Each structure stands twice: as structure tokens, then as C-alpha cells.
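Counting with the UniProt record's numbering, you get residues 1 to 184 for the letters of the sequence shown.
Simulated from the structure, these hints should not be mistaken for lab results.
Just so you know, not all the hints are guaranteed correct.
Ranges of calculated distance between the beta carbons of each label pair, as one might list FRET restraints [unchecked claim]: (1) 71 with 8: 16 to 22 angstroms; (2) 129 with 39: 43 to 49 angstroms; (3) 73 with 124: 21 to 27 angstroms; (4) 9 with 130: 36 to 42 angstroms; (5) 166 with 129: 47 to 53 angstroms; (6) 163 with 129: 17 to 23 angstroms; (7) 135 with 9: 19 to 25 angstroms; (8) 52 with 132: 33 to 39 angstroms.
Cut-off 25 angstroms, straight-line C-alpha distance, at most; resulting in silico cross-link-like pairs (SDA-like, lysine to any residue) [stated by the list, open to error]: (9) 9 with 124; (10) 116 with 162; (11) 135 with 10; (12) 76 with 41; (13) 74 with 44; (14) 98 with 39; (15) 9 with 133; (16) 135 with 39; (17) 74 with 129; (18) 163 with 114; (19) 145 with 48; (20) 163 with 120; (21) 98 with 45; (22) 9 with 98; (23) 163 with 142; (24) 9 with 162; (25) 98 with 135; (26) 74 with 54; (27) 74 with 55; (28) 98 with 131; (29) 98 with 134; (30) 116 with 141; (31) 145 with 94; (32) 116 with 73; (33) 116 with 126; (34) 116 with 86; (35) 74 with 126; (36) 163 with 140; (37) 74 with 87; (38) 98 with 83; (39) 74 with 146.
No experiment lies behind these values; they were computed from the predicted model shown.
Just so it is clear, CB atoms sit at the ideal spot from N, CA and C, and this is done for glycine as well.
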Amino acid sequence: MGRGREGNKIYLVDMGLAREKVLAPGNPMTYNGDQANSFLGTNDYAPRAAHQLHCQTYRDDMESFGYVLIDLLKDKLPWSGMTTTVGGQSPEQQMGSKKRRISLDELCEDLPAVFKQYFEHVRSLRYNQRPNYSKLRQRFAAEFKRQGFSYDYVFDWTEKRFKEAVAEPAEEAYVSFSSSSHLS
Numbered sequence: 001m002g003r004g005r006e007g008n009k010i011y012l013v014d015m016g017l018a019r020e021k022v023l024a025p026g027n028p029m030t031y032n033g034d035q036a037n038s039f040l041g042t043n044d045y046a047p048r049a050a051h052q053l054h055c056q057t058y059r060d061d062m063e064s065f066g067y068v069l070i071d072l073l074k075d076k077l078p079w080s081g082m083t084t085t086v087g088g089q090s091p092e093q094q095m096g097s098k099k100r101r102i103s104l105d106e107l108c109e110d111l112p113a114v115f116k117q118y119f120e121h122v123r124s125l126r127y128n129q130r131p132n133y134s135k136l137r138q139r140f141a142a143e144f145k146r147q148g149f150s151y152d153y154v155f156d157w158t159e160k161r162f163k164e165a166v167a168e169p170a171e172e173a174y175v176s177f178s179s180s181s182h183l184s
């Protein structure tokens, strides 16, 4: 979360997931081959490709971001709480299996249609194909407006912090000097 004047921003960064892209003739955005065969990501938000130990690309970043948005809105994901091995499957395997099986209708249940459209676009992308970021932003902006919101830079978390700050008594600094204190 941003602070002060940047308090209206959420920063999502996981440098542990950052990977080098190798420029190659005919395939300009190929990942370095040593990145496959290991799980990369935070279980709840990792894309399906991560659970299959595949290298991740733009579509996978967008899939993960979509999971974050759903979690922010619903306070949980359909695979939240899978933390123990069941039937020989690790939590990562269970989550990956659930993510591969879940329909977009179930994933986006009780959310505006724009979320299903988002995931349809993301899932339609080929390996290394760039998402249509502009189109996705436009769709979410239209839904935001349709819901009657205005972009006033006042967000739920900003309002909550303000109310908490106002409710807390201000701490005042008192300096006391005993009779034995010496000021020089």
C-alpha cells in the first residue's frame, strides 16, 4: 500500500518471481530454459502454468492478477484453505488441479461480467502473446462507471485508515526534567 499522497495505490511486487527473458531470432521473448521444472509463485495466486511447472508469460501474469482481484473482492478464492496433503496430493497439486477444472462461471460467480470476460481474454492468449491491456482497462473502467463509482482517489482502505487515525487520540510528547537534570 502506498503512503501519504500515494495512499491510493496498491503495489504488487514479488521479485522472487522475476525472470530474465532471452532475446532470440524468430522468438524474441523466450524465457531462459532453467526456469522450468520448478514451482514459482504464491500458491493461491499462481497461474495454472506454474502448477504444471511451465515457464510463465504475460498471460500467466494476468491470470495471477485476476486471482488477486477476485481475492480482494471476495476475501477468498475457491482453492483457499488447501494446506494439507490429501490423497497423496500436495496443496500445490490440489490447487493446480482445482484451477484447471474450475469453470469461469464458478470462478467469477457473484462478480460483474467483466471478470469472466477478463479471464476469457487471458485464457485465449497464446504463449508469449501480449494481452490487449487497453481493451481490458476500458472494460473495467466502463464497469466502474456502470456501477456508479467516480474516480475520486478515495478508496476503501484509504477511508478506513483515515477513520482509524481520527479515532485514535493523538500522542503528545511530554518532556520532563527532574530537579537533578542538567542542561548545558
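A quick look at each hint next to the structure:
| no. | hint | result |
| --- | --- | --- |
| 1 | 71 with 8: 16 to 22 angstroms | holds, 20 angstroms |
| 2 | 129 with 39: 43 to 49 angstroms | violated, 23 angstroms |
| 3 | 73 with 124: 21 to 27 angstroms | holds, 23 angstroms |
| 4 | 9 with 130: 36 to 42 angstroms | violated, 24 angstroms |
| 5 | 166 with 129: 47 to 53 angstroms | holds, 48 angstroms |
| 6 | 163 with 129: 17 to 23 angstroms | violated, 44 angstroms |
| 7 | 135 with 9: 19 to 25 angstroms | holds, 23 angstroms |
| 8 | 52 with 132: 33 to 39 angstroms | violated, 25 angstroms |
| 9 | 9 with 124 | violated, 29 angstroms |
| 10 | 116 with 162 | violated, 33 angstroms |
| 11 | 135 with 10 | holds, 21 angstroms |
| 12 | 76 with 41 | holds, 17 angstroms |
| 13 | 74 with 44 | holds, 13 angstroms |
| 14 | 98 with 39 | holds, 16 angstroms |
| 15 | 9 with 133 | holds, 19 angstroms |
| 16 | 135 with 39 | violated, 31 angstroms |
| 17 | 74 with 129 | violated, 29 angstroms |
| 18 | 163 with 114 | violated, 31 angstroms |
| 19 | 145 with 48 | violated, 31 angstroms |
| 20 | 163 with 120 | violated, 39 angstroms |
| 21 | 98 with 45 | holds, 12 angstroms |
| 22 | 9 with 98 | violated, 31 angstroms |
| 23 | 163 with 142 | violated, 29 angstroms |
| 24 | 9 with 162 | holds, 15 angstroms |
| 25 | 98 with 135 | violated, 28 angstroms |
| 26 | 74 with 54 | violated, 28 angstroms |
| 27 | 74 with 55 | violated, 28 angstroms |
| 28 | 98 with 131 | holds, 24 angstroms |
| 29 | 98 with 134 | violated, 30 angstroms |
| 30 | 116 with 141 | holds, 15 angstroms |
| 31 | 145 with 94 | violated, 37 angstroms |
| 32 | 116 with 73 | holds, 14 angstroms |
| 33 | 116 with 126 | holds, 18 angstroms |
| 34 | 116 with 86 | violated, 30 angstroms |
| 35 | 74 with 126 | violated, 29 angstroms |
| 36 | 163 with 140 | violated, 28 angstroms |
| 37 | 74 with 87 | violated, 28 angstroms |
| 38 | 98 with 83 | holds, 13 angstroms |
| 39 | 74 with 146 | holds, 20 angstroms |
Violated hints, listed in ascending order, are 2, 4, 6, 8, 9, 10, 16, 17, 18, 19, 20, 22, 23, 25, 26, 27, 29, 31, 34, 35, 36, 37; each of the other numbered hints is respected by the structure.
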